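In our numbering, the protein residues as written are 390 to 800.
Each hint should be verified, as a subset may be incorrect.
[Claimed, not checked] Calculated cross-link-like contacts (lysine to aspartate or glutamate; reagent style EDC-like; alpha-carbon spacing at most 16 Å):
{"no.": "1", "residue 1": "Lys401", "residue 2": "Glu721"}
{"no.": "2", "residue 1": "Lys401", "residue 2": "Glu694"}
{"no.": "3", "residue 1": "Lys421", "residue 2": "Glu721"}
{"no.": "4", "residue 1": "Lys421", "residue 2": "Glu717"}
[Unchecked claim] Label pairs and their calculated CB-CB ranges:
{"no.": "5", "residue 1": "Leu515", "residue 2": "Ala706", "range": "40 to 46 Å"}
{"no.": "6", "residue 1": "Gly698", "residue 2": "Pro518", "range": "46 to 52 Å"}
{"no.": "7", "residue 1": "Gly593", "residue 2": "Glu545", "range": "18 to 24 Å"}
{"no.": "8", "residue 1": "Glu459", "residue 2": "Gly662", "range": "26 to 32 Å"}
{"no.": "9", "residue 1": "Ala488", "residue 2": "Gly653", "range": "23 to 29 Å"}
{"no.": "10", "residue 1": "Arg454", "residue 2": "Ala751", "range": "39 to 45 Å"}
{"no.": "11", "residue 1": "Glu725", "residue 2": "Gly593", "range": "31 to 37 Å"}
{"no.": "12", "residue 1": "Val430", "residue 2": "Asp645", "range": "47 to 53 Å"}
{"no.": "13", "residue 1": "Ser539", "residue 2": "Gly698", "range": "40 to 46 Å"}
{"no.": "14", "residue 1": "Gly490", "residue 2": "Val430", "range": "37 to 43 Å"}
{"no.": "15", "residue 1": "Asp429", "residue 2": "Gln666", "range": "55 to 61 Å"}
{"no.": "16", "residue 1": "Gly672", "residue 2": "Val430", "range": "51 to 57 Å"}
{"no.": "17", "residue 1": "Arg734", "residue 2": "Gly490", "range": "51 to 57 Å"}
In case anyone wonders, no lab produced these hints; they're calculated from the structure. Model, not experiment: these values are computed from the prediction. Even glycine gets a Cβ: it sits at the ideal position worked out from N, Cα and C.
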Amino acid sequence: MLQPRAELSGSKQAELGARAEKLDGADELAHKRAEFVLDDVVYLDGNSLGALPAAVPGRVEDVVRRQWGELRIRSWTESGWWTAPERIGDRIAPLVGAAAGQIVVGDSTSVNVFKALVGAQRRAELADPDRTEILVDATTFPTDGYIAHSAARMTECTLRAVTPAEVPEAVGERTAAVLLNHVDYRTGRLHDLPGLTAAVHEAGAYAVWDLCHSAGALPVGLDEHGVDYAVGCTYKYLNGGPGSPAFLYVRRELQDSFDSPLPGWNSHAEPFGMRTQYEPAAGALRGRVGTPDILSMLALEAALEVWDGVPIEAVRAKSLALTDFFLECVTEYVPEGRVECVTPREHSERGSQIALRCDDAAEVMPRLIERGVVGDFRHPDVLRFGFTPLYVGFADVERAARVLAEVLAGE
């Protein structure tokens, strides 16, 4: 439980304000803020929808007016439309610790979870027919659970829901695949990807990771930690826009045997051969299905330019500093007993968001938004604040905590 002071002196508020200004002055990522379309609102909901990168509108206009309007079908080759899924995948790869040629962009997160999970199960069962169990994160985002349930029914597997902490004991000789979330979407808890992946491998199973709340917020290390399959969205910390296409990672060593449950003409070895028999393409292209959503895809490609010259380690360092400072300001500003932090304080267990339990959270969040602090509400009682280091500053953090305190005090 946060233990705020009963009263806040003007000197303490001035001290925190001065510290925020000093921290912003020393911030090596501060210049990135100018590359986004922002106003005077404190936007702490980038973990749901990232802000608009300034380069996107002009790029989309060019795609629509010139590439589509003038070149028309020629743009599949002349404008690089056909190769966009793997080209943009290679642009995302360094942000999640993957070498080129292992990520393809397209479809939604849900569709890619289905592809990865069934592909992992098929590979495991091919090697050992007795591997007929799938484990799923019991705390997962609902759609992952729905997909896991459907995949288990389709493959005639048993589905067991376990918490990430239970995985090392739960995974066994019957387990084919384990679907886990890197960061819990409600609490912001960061799970132990290296340790859990190792535990899954020790049991002979395959690890499938959902990176929706970690891609673009912190180092993931897919190659380094031997992750088998991973999926993630691009409209949160990667700022790709509403409904922007997701991505699918298949470890290089597994690509030639990746048996996608959704074979489409775009993943065929000869997509224009119009063969009646399916023959999968080599490499990451096996993750493609149908015709790519070019408008959203190329908007995402433009959005990813804000990452030029930005090491993900610097993003992580600022994220932790922002969330630390926010918790400090909340402790100082918020009336005692009004909120409880449910996000771990340990850096090794924290993503890039802070979740505060508040009895009247459903009423508090709209009042915060009215006063220019945008976060979101998660049922039944969680105020959730996401910190996107590319455009959120320390003065934003101090202001958000101060407004939260005023709203909770009824001011």
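A range of 39 to 45 Å was offered for this pair. Does it hold for the Cβ distance of Arg454 and Ala751?
holds (44 Å)
Lys401 paired with Glu721 [C-alpha distance capped at 16 Å]
OK: Lys401 and Glu721 at ~8 Å, within 16 Å.
CB of Val430 to CB of Asp645, is that within 47 to 53 Å?
holds (49 Å)
Assuming the hint says 51 to 57 Å, is it satisfied by the Cβ distance from Gly672 to Val430 or not?
The hint (51 to 57 Å, Cβ to Cβ) is violated, given that Gly672 and Val430 are roughly 43 Å apart.
So the hint says 55 to 61 Å: do the beta-carbon atoms of Asp429 and Gln666 match that?
The hint (55 to 61 Å, Cβ to Cβ) holds, given that Asp429 and Gln666 are roughly 59 Å apart.
For Lys421 and Glu721, compute the direct alpha-carbon distance and say whether it is at most 16 Å.
It is violated: about 29 Å lies between the C-alpha atoms, which goes past 16 Å.
Evaluate the given range 40 to 46 Å for the C-beta pair formed by Ser539 and Gly698.
holds (42 Å)
23 to 29 Å was suggested as the range; check whether the CB atoms of Ala488 and Gly653 agree with it.
At 25 Å between Cβs, range holds.
Assuming the hint says 46 to 52 Å, is it satisfied by the Cβ distance from Gly698 to Pro518 or not?
For Pro518 against Gly698, whose Cβ atoms are near 50 Å apart, the range 46 to 52 Å holds.
Pair hint Lys401 and Glu694, alpha-carbon separation not exceeding 16 Å
At roughly 39 Å apart (the allowed maximum being 16 Å), Glu694 and Lys401 break the hint.
Given the hinted pair Lys421 and Glu717, is their Cα-Cα distance within 16 Å?
It is violated: about 25 Å lies between the C-alpha atoms, which goes past 16 Å.
So does Leu515 sit 40 to 46 Å from Ala706, Cβ to Cβ?
holds (43 Å)
The earlier numbered hints that this structure contradicts are 2, 3, 4, 11, 16, 17.
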